[in-house]
Amino acid sequence: MTLTETRPETDPEHARAALPATDQSPAATWVPPTGLAGVLGTSDHTLIGRMYVLFAVMFSGLALGLGFLMSLEKTDISAVYGFFGDANELFQVFGLYRTTLILCGLVPLFLGLATAIIPKQLQATTVAYPRASAAAFWMWLIGAFTHLVATFAYGGLGSLQVGAAREASVELTVLSLGMVALGLLVGAGVILATLVTQRPAGMDLLQMPAFSWSMLVATGVWLLSLPVLLANLMIVWVDMRGVEALRFGASDAPFVQVSWAFDAPQVYAWTIPLLGIAAEVFTSAHRSRPKLFEPMAALVGVFGFLSFGAWAQSFFNDADLSAVDAHVVTDQVVFVAYGLGIALVVLAFLGWLAYNAVTSGQRPEISPQFGFVVLAGVLLTAAVLAGVLRVAGPALGVLREADAGLWAGFFDAMDDLSTSSLVTGMMNLAVLAGVLAGLAGLFHWAPRVLGGHMSEPLGFLAVLTLGGGALLYGLADVLAGFFDQPDRFFAGANLDAIDAVRFVEFLNVVGLMGVFAVVVGFVVVAVDLAFSVQAKGDG
Amino acid sequence: MADIAVGAPLAAPLPRQRTLLVGTVLATAATLMYFAALFGVYLRERAQAIGSGNNWIPSSADIQLAQPSVAAWTMLMSVVTMQWAVYSVARNDRSHAIIATLVTAMFGISVIITTSFQYTQMGLVADESVAATLIYTISASHLAMVTVGLVFLGLMAFRALATQRISVQTDGFVAASVFWYAVVVVYVVIWTAIFVLK
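Keeping their order, the protein sequence lines are chains A and H.
All residue numbers for the first sequence refer to the working numbering, where the first residue is 1 and numbers rise by one.
All residue numbers for the second sequence refer to the working numbering, where the first residue is 1 and numbers rise by one.
Everything labelled a hint here was simulated from the structure, so no lab data went into it.
In this text, all values refer to a predicted model and were calculated from it rather than measured experimentally.
Glycine is no exception: its CB is placed at the ideal position from the N, C-alpha and C atoms.
Warning: the hint list may mix true and false statements.
Claimed, not checked - Simulated restraints on C-beta separations:
{"#": "1", "chain 1": "A", "residue 1": "359", "chain 2": "H", "residue 2": "158", "range": "52 to 60 Å"}
{"#": "2", "chain 1": "A", "residue 1": "142", "chain 2": "H", "residue 2": "168", "range": "35 to 43 Å"}
{"#": "3", "chain 1": "H", "residue 1": "96", "chain 2": "A", "residue 2": "58", "range": "33 to 41 Å"}
{"#": "4", "chain 1": "H", "residue 1": "151", "chain 2": "A", "residue 2": "41", "range": "49 to 57 Å"}
{"#": "5", "chain 1": "A", "residue 1": "448", "chain 2": "H", "residue 2": "147", "range": "22 to 30 Å"}
{"#": "6", "chain 1": "A", "residue 1": "448", "chain 2": "H", "residue 2": "151", "range": "32 to 40 Å"}
{"#": "7", "chain 1": "A", "residue 1": "41", "chain 2": "H", "residue 2": "168", "range": "26 to 34 Å"}
{"#": "8", "chain 1": "H", "residue 1": "62", "chain 2": "A", "residue 2": "242", "range": "17 to 25 Å"}
{"#": "9", "chain 1": "H", "residue 1": "58", "chain 2": "A", "residue 2": "332", "range": "28 to 36 Å"}
{"#": "10", "chain 1": "A", "residue 1": "456", "chain 2": "H", "residue 2": "162", "range": "51 to 59 Å"}
{"#": "11", "chain 1": "A", "residue 1": "334", "chain 2": "H", "residue 2": "143", "range": "33 to 41 Å"}
{"#": "12", "chain 1": "A", "residue 1": "37", "chain 2": "H", "residue 2": "193", "range": "44 to 52 Å"}
Unchecked claim - If you only want the chain H side, here are some residues facing chain A, beta carbon under 7 Å, derived:
{"#": "13", "residue": "17"}
{"#": "14", "residue": "37"}
{"#": "15", "residue": "162"}
Claimed, not checked - To spell it out: a stretch of chain A is covered by chain H in this simulated footprint if at least three of its residues, at any positions, have a beta carbon under 8 Å from a beta carbon of chain H; those stretches are:
{"#": "16", "segment": "223–232"}
{"#": "17", "segment": "237–248"}
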């Protein structure tokens, strides 16, 4: 039996019980292992999906803990590294926060839900390649832990000063991030192959449930963008293997090269399944079936197309590394068009939800998943509107060319936004919108993923803390961006350029409170998950 | 379940879903994106170096066109033999399938040998220039791709030749051929972008 064939799903306990009492020798009938061996060797899609979800929640909480530390540093932004030892430590955490939150938290959360749910939505027995799915999970998990260890061993994605990081640890960080990306790539490929090949006869792609459709679009975009990330990491690693890194592996170049994966428009690509989960949970709360499914599917497709961001790599726009600036990309017409286009798509999708709510004629059934989805929609809308502000300067540049004096101050302020903390605020809003949607999916499909319902009271508590905290956390950075707080506030940043330092620090305190609430919300979800899994075990 | 009369013909089994072929197409697409990114970086860096009046390839290096051209033609010939293998497997022609598979594998191995020989001849030191870093990254990635293609082809051949009717493995051979054609396409781009343009 090879990787391409599928062993029928067998419950180990049932298989044991089914053995004849007189012949229980291992040679007579193969019995799947149980316990730890069963977990390590499983190719059961539900169990793999459950493990993805558990570790993704854990990594998301860890990443937000790092976000809390960075917010703590920003509460006194005029002081030089009051909390972190030096700029390089802060830079390491800055990079680790992004890689952990997105590649170890958000994307695996969606992959876990998809691995557990999609075969059931398609009435298939399992995913297309169960063993490849298990291999992808373990590859991702080992890579994610190695990535954490390597970064904390004074590695990270490069360093700000020569000798500020251990070169071997930086190489390990790069390799482990490659392992994470490869694991996610294989996992995405398995889901996409499942969606293409495992549908029952007669079900075409547009007859799939909304979540399955959104995962089709998402995994398609991920399948095209993760190899680009791998190529970036490969070039960095090869450059670092020599006597001295020449360009790609030098100083903070590794982070700059992969930073497109954590910035617009690619950051939206990681949140594509949000739309599918929102469509399913929202219509389910109104006790109706989705109306106008095809237009909604088209919107998800356009959102996926516009969010492909592997092309937006500012690093390669100038041979001089010191000239690297996010501005280089944001000034491009296509970048501006993508920023505006994505906002229009999200607004149209909200219109589709509103249409379904109105035509259902029912009041929504209030549940934690409904709360999560509503807040995820609010966060995503805030993120894309912040994205519009980010590209507003270049977009309105045509008017400025016509009359240089026209609203000069306004245009300058808009231009400055593209390198301000608005960028991080926008990323946080979009990613946390995705995380909230993932949690909505977890509550919605808990009986199928976990084997039992999750606690509603704890769920509502998580909605309040996570949703409210995420809004404060994201919007504080967006607003501070209008006062010229730099995005990379540690690397030769011109902190003197910040307008109203005291007010910016107040905003940063608000952001700190927000991220603290988010961390508390994750603890609540983790407790809820633990109770649910334990209750299933007791049951 | 409806009763089935004794002696009645069984319903024809549903055709097996082409999961291997679909998975291979997806893996091939991802691999091509990986190389597209590498080529994008290579051509961008090259354009910037030449645009600022610098040498792209270090003057100490001597990159001949002979070995890459031989390798490119070898790869192109392997397209024919690969298709010959698929054709033979689909028609249960065991002997031709064996010959075509072996010749395809031989072509792949000869490309690895030619590229390795070229490494020893071109005098390009890996950590002395950006161009060398990228050239070695791209060509070594391609060598890895050739190796994966050979292993894939070997696995499919092993499975086919272990059965009475080798045509049952047609899907596997088609999948291996899809990946192999991508190997060839990538080398043609390497030959053009790196060795012809220099």
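Tell me, in ascending order, the numbers of any earlier hints that this structure violates.
Result: hints 3, 4, 5, 15 break, sorted rising.
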